[in-house]
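Chains as they are written, first to last, in full-length UniProt numbering: chain A, 1 to 333; chain B, 1 to 622.
Just so you know, the hints here were simulated from the structure itself, not pulled from any lab data.
Once the Cα atoms are required to be at most 20 Å apart in a straight line, the calculated EDC-like pairs of lysine to aspartate or glutamate come out as:
(1) A:Lys268 <-> A:Glu246
(2) A:Lys326 <-> A:Glu308
(3) A:Lys268 <-> B:Asp524
(4) A:Lys268 <-> B:Glu542
(5) A:Lys268 <-> B:Asp515
(6) A:Lys268 <-> B:Asp565
(7) B:Lys619 <-> B:Glu608
(8) A:Lys268 <-> B:Asp495
(9) A:Lys268 <-> B:Glu561
(10) B:Lys499 <-> B:Glu434
Label-pair distances were calculated between CB atoms; the ranges are:
(11) B:Ala430 <-> A:Arg30: 37 to 45 Å
(12) A:Gly23 <-> B:Trp132: 46 to 54 Å
(13) A:Arg24 <-> B:Asp506: 48 to 56 Å
(14) A:Ser77 <-> B:Ala430: 54 to 62 Å
The model shown is predicted, which means the values in this text are computed figures rather than measured ones. Note that beta-carbon positions come from the ideal geometry of N, C-alpha and C, so glycine has one too.
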Amino acid sequence: MFDMGAKPAPLVEARGLARNFPGRQGLLGRVRDVWAVRDVTLALAPGETVGVVGESGCGKSTLGRMMMGLDRPTEGSVSFDGRDLAALSAAERRKLSRRMQMVFQDPFGSLDPRRSIGAQITDGLRIHRLVPPGEIEAELFRLLDQVGLPRSAASRRPHAFSGGQRQRIAVARALSTRPDFIVADEPVSALDVSIQAQVVNLLMDLRRDLDLAMLFISHDLHVVRHLCTRIVVMYLGRVVEEGPAERVFATPAHPYTRALLTATPSLKPRPTGGAPRILPGELPSPANPPSGCPFRTRCPLAEAACAEAVPAARRIEPGWQAACIKAAPEAVA
Amino acid sequence: MSRSTRKLLLPGGIVLALVTVLLLAPLLPLHDVRAMDIPNRFAGPSAAHWLGQDEFGRDVLARLIWGGRASLFIAVGSALAAATIGTLLGLLGGYFRGVVEVLTVRAAEVLLCLPPLLLALLVVTILGAGTWPLILALTLLYTPNYARVAYAATLQVRGLDYVTAQRAMGAPPLTILGRTILPNVLPPLLVQMSLVVASAMVIESGLSFLGLGVVPPTPSWGLMIRAARGAMEQAPMLLVWPSLALAGTILTFNLLCDRLQTALDPREVTKGGALWMRRPGRRKTAAARRPGAADDNGPLVEIRNLAISVGRTPQIDLVRRAMLTVMPGETVALVGESGSGKTLTSLALLGLLPDQLRVSAGEMRYRTRDGAVLDLAQLDEEAFRALRGPEVSMVFQDAAAALNPVHRVGDQLAEALRAGGLTGERAVQARVVELLRHVGIPDPERRRRAYPHELSGGQRQRAMIALAVANSPRLLVADEPTTALDPTIQAQILDLFRKLKTDTPDMGLIFVTHDLAVVSELADRVVVMYAGEVVETGPVAEVFARPKHPYTAALIASVPEGAADQLRAIPGSVPPPHDMPPGCRFAPRCDHALPQCTSRVPETSHPEASRSSRCIRWKEVC
Numbered sequence: 001m002f003d004m005g006a007k008p009a010p011l012v013e014a015r016g017l018a019r020n021f022p023g024r025q026g027l028l029g030r031v032r033d034v035w036a037v038r039d040v041t042l043a044l045a046p047g048e049t050v051g052v053v054g055e056s057g058c059g060k061s062t063l064g065r066m067m068m069g070l071d072r073p074t075e076g077s078v079s080f081d082g083r084d085l086a087a088l089s090a091a092e093r094r095k096l097s098r099r100m101q102m103v104f105q106d107p108f109g110s111l112d113p114r115r116s117i118g119a120q121i122t123d124g125l126r127i128h129r130l131v132p133p134g135e136i137e138a139e140l141f142r143l144l145d146q147v148g149l150p151r152s153a154a155s156r157r158p159h160a161f162s163g164g165q166r167q168r169i170a171v172a173r174a175l176s177t178r179p180d181f182i183v184a185d186e187p188v189s190a191l192d193v194s195i196q197a198q199v200v201n202l203l204m205d206l207r208r209d210l211d212l213a214m215l216f217i218s219h220d221l222h223v224v225r226h227l228c229t230r231i232v233v234m235y236l237g238r239v240v241e242e243g244p245a246e247r248v249f250a251t252p253a254h255p256y257t258r259a260l261l262t263a264t265p266s267l268k269p270r271p272t273g274g275a276p277r278i279l280p281g282e283l284p285s286p287a288n289p290p291s292g293c294p295f296r297t298r299c300p301l302a303e304a305a306c307a308e309a310v311p312a313a314r315r316i317e318p319g320w321q322a323a324c325i326k327a328a329p330e331a332v333a
Numbered sequence: 001m002s003r004s005t006r007k008l009l010l011p012g013g014i015v016l017a018l019v020t021v022l023l024l025a026p027l028l029p030l031h032d033v034r035a036m037d038i039p040n041r042f043a044g045p046s047a048a049h050w051l052g053q054d055e056f057g058r059d060v061l062a063r064l065i066w067g068g069r070a071s072l073f074i075a076v077g078s079a080l081a082a083a084t085i086g087t088l089l090g091l092l093g094g095y096f097r098g099v100v101e102v103l104t105v106r107a108a109e110v111l112l113c114l115p116p117l118l119l120a121l122l123v124v125t126i127l128g129a130g131t132w133p134l135i136l137a138l139t140l141l142y143t144p145n146y147a148r149v150a151y152a153a154t155l156q157v158r159g160l161d162y163v164t165a166q167r168a169m170g171a172p173p174l175t176i177l178g179r180t181i182l183p184n185v186l187p188p189l190l191v192q193m194s195l196v197v198a199s200a201m202v203i204e205s206g207l208s209f210l211g212l213g214v215v216p217p218t219p220s221w222g223l224m225i226r227a228a229r230g231a232m233e234q235a236p237m238l239l240v241w242p243s244l245a246l247a248g249t250i251l252t253f254n255l256l257c258d259r260l261q262t263a264l265d266p267r268e269v270t271k272g273g274a275l276w277m278r279r280p281g282r283r284k285t286a287a288a289r290r291p292g293a294a295d296d297n298g299p300l301v302e303i304r305n306l307a308i309s310v311g312r313t314p315q316i317d318l319v320r321r322a323m324l325t326v327m328p329g330e331t332v333a334l335v336g337e338s339g340s341g342k343t344l345t346s347l348a349l350l351g352l353l354p355d356q357l358r359v360s361a362g363e364m365r366y367r368t369r370d371g372a373v374l375d376l377a378q379l380d381e382e383a384f385r386a387l388r389g390p391e392v393s394m395v396f397q398d399a400a401a402a403l404n405p406v407h408r409v410g411d412q413l414a415e416a417l418r419a420g421g422l423t424g425e426r427a428v429q430a431r432v433v434e435l436l437r438h439v440g441i442p443d444p445e446r447r448r449r450a451y452p453h454e455l456s457g458g459q460r461q462r463a464m465i466a467l468a469v470a471n472s473p474r475l476l477v478a479d480e481p482t483t484a485l486d487p488t489i490q491a492q493i494l495d496l497f498r499k500l501k502t503d504t505p506d507m508g509l510i511f512v513t514h515d516l517a518v519v520s521e522l523a524d525r526v527v528v529m530y531a532g533e534v535v536e537t538g539p540v541a542e543v544f545a546r547p548k549h550p551y552t553a554a555l556i557a558s559v560p561e562g563a564a565d566q567l568r569a570i571p572g573s574v575p576p577p578h579d580m581p582p583g584c585r586f587a588p589r590c591d592h593a594l595p596q597c598t599s600r601v602p603e604t605s606h607p608e609a610s611r612s613s614r615c616i617r618w619k620e621v622c
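When you get a sec, could you build the whole thing from the sequences and use the hints?
Written as structure tokens, this is what we have:
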């Protein structure tokens with residue numbers, strides 16, 4: 001569905017990915033389909049950082065979990081290095097997990113409160129027998145150095161660290177298995193601005209030094225713009241726009257991307273040309289999505305044709321497409 | 001040693017003493033438990049027999065201790081066995097779910113359908129009386145309890161990120177269960193353990209009493225009670241000793257269980273009690289009130305040298321020397337990272353500080369509608385109550401938590417309006433609809449009948465704002481009102497605040513946030529706080545264009561909005577309140593710091609009339 005252009009063979013590839021969480025309303029209600037993710041096709045090349053943005057409930061975290069193989073897609077498939085994750089046995093899947101790692105949003109929930117951080121960082125080394133037992137400590141120190149933590153940190157438990165430090169511990173843990181692919185699910189959202197910058201800088205350095213492919217999930221457009229080479233915008237479980245970060249941010253082609261950019265507060269005073277366009281209404285319920293284009297109920301450009309069918313992705317440029325019948329690059333005021 | 005650990009000492013000590021005595025029974029100089037002395041049956045306490053002699057003239061103390069051994073062995077033995085098996089079943093069922101859950105937890109639950117005493121009787125009847133059948137019966141009885149507790153705790157823990165992280169790491173399921181989940185579900189199981197030991201002792205005694213437990217002449221508390229019952233009229237004390245021992249042991253174990261629960265659950269329980277029961281403060285309303293100043297252009301609020309502290313010896317200042325001025329109609333943003341004291345300062349303005357904290361210095365002058373000047377730092381709770389609503393009001397970050405979930409939104413609004421003095425049901429309802437419409441809730445006639453959970457996040461925040469402005473306050477304090485919202489919804493709420501500003505031009509707004517971009521969208525002036533101190537104030541555009549404090553400058557540079565390749569991160573983190581650096585609190589993280597920064601607290605400088613900076617090198621910052 002999406003045209004990848006002339007790129008190296010993808011490391012991770014999702015094809016027609018969809019995830020349904022059927023739910024029942026009330027005690028005797030009918031079981032209803034609730035699609036968190038629908039029809040997402042996405043590929044990451046080695047060394048590439050792709051940002052996934054969208055508001056809460058748009059399915060970006062579910063997408064991340066499926067790309068990691070932590071959640072089974074209802075439809076479609078994810079393949080890593082050419083191998084379909086669903087076809088692997090549990091043991092093979094565990095073996096493959098060395099090459100794919102995850103960094104979570106909540107630095108307080110993602111570390112086991114009862115074990116020292118040294119033990120937690122080296123879990124991966126032991127599980128996958130990456131280094132001989134005698135060299136585990138040296139490797140631990142190397143990892144702590146890499147994320148900028150003192151070596152004395154190894155014997156302490158998570159509660160002794162601040163949010164930013166914990167997030168670095170989580171990054172060190174993810175890096176311990178020398179992965180090729182990292183899913184970072186809102187890794188800086190829970191952090192203060194000054195600490196956020198520490199972690200963003202760390203991720204940028206790592207990407208450059210280790211040639212990691214990264215799926216960076218965030219609702220903060222500024223961070224995504226700063227960090228990512230490519231951006232995927234999601235709305236109600238579907239990808240509405242995908243393209244090179246700089247191009248998409250400068251002249252978004254989909255009206256939702258434009259609205260999202262306009263809504264994001266900025267340090268720089270806006271040119272005073274009336275109040276900024278503010279999107280009316282709220283995200284529809286995924287249990288009861290609108291017909292046709294999911295965005296049409298809030299879209300300033302919507303017309304009758306939008307209700308008829310889900311718009312196909314329209315190619316704007318090689319590697320840049322938007323799922324809107326009126327898609328056209330347009331600068332945001 | 002923490003308070004909860006100290007409280008463990010009493011029951012823990014008793015249990016330890018008890019267990020020691022029982023374990024050392026063979027070494028103690030006790031009489032033989034079976035040595036009969038018929039001539040002296042029912043003899044009272046004597047030097048040789050401290051607690052007297054029973055119906056066969058046997059020593060009661062020795063029998064009590066040896067009987068306790070039997071009871072405790074059975075109780076602890078069955079509790080341990082049940083704990084091991086039950087925990088295993090619960091862990092497996094809770095982690096794997098599906099078929100495994102049916103085979104483990106659900107299967108164990110079948111046992112719960114049988115009356116406990118009947119089940120024990122059944123086992124003992126089949127296997128015969130004695131110690132080991134009793135242990136088996138009690139184990140069967142308590143295994144489902146453990147399985148359920150372990151199952152519930154596992155279900156809670158398995159969804160947490162650190163377990164998912166282990167899965168993502170490729171750890172095999174049994175490793176995850178043993179290394180990550182088990183230690184984290186242990187606390188409730190330990191509590192369950194002491195509960196089960198106590199309860200097993202009761203059942204054991206009951207069965208022995210019925211003659212189905214320990215076989216005579218082996219002593220046991222249940223047997224002793226049974227025997228003493230027959231001789232109740234000749235020697236009533238014989239019944240008292242084993243009953244006391246049984247009741248005392250069970251109460252001790254229950255106490256231990258309670259205290260363990262508190263010790264293992266570190267959540268601090270706040271000081272309870274109704275407001276009127278608390279120790280009255282030094283605050284006096286009369287002293288706080290001063291005649292109105294003549295000039296009408298004075299500030300709405302003026303905070304001077306405010307300090308908010310916790311504890312008395314040592315007193316720790318969470319906020320100190322805070323300065324803040326709000327003119328009527330002005331929007332002041334209070335910006336800072338977590339731990340900067342921005343929320344505490346705003347709570348102090350409404351007298352809503354948590355119980356442990358107090359305003360320890362400074363004044364907060366507030367000019368009321370009738371022109372009088374009040375010092376909010378001196379007000380008591382009653383005076384604050386009169387002020388909240390018509391004078392000052394607050395919008396909280398989490399509207400879902402701030403609205404009462406069991407009352408309709410419209411009813412909550414109506415209650416606030418009635419408290420504000422509006423009378424007449426029709427007028428109140430009309431005003432409710434008007435307010436809801438004013439904050440942009442569509443179809444207000446219908447939506448006022450909705451419960452908070454029926455509204456979306458954005459709608460709830462709107463309802464919260466309607467509640468705050470219901471009585472047209474002169475000062476509105478908004479604490480991170482858009483932080484939990486999505487960008488497009490945040491834009492809507494910010495727009496609503498803009499609308500409120502134009503509709504009520506005299507209302508002062510204090511907007512507490514950590515988001516600098518939101519500040520530049522909404523505020524007139526900004527007050528930057530760091531580690532409990534105000535470091536810089538001034539008009540928003542000027543402060544953002546030319547910051548005069550290194551912290552403000554670093555904060556602006558750390559927002560990923562420019563074209564810079566590398567963001568400017570501030571090294572280190574905010575110091576904890578009990579360990580503040582001397583001198584300038586930002587000095588350890590500051591790249592402009594000089595030796596004198598750490599030795600002396602910097603004075604406030606005024607680069608321009610409308611601006612202030614608490615930095616000795618403000619001239620060089622930009």
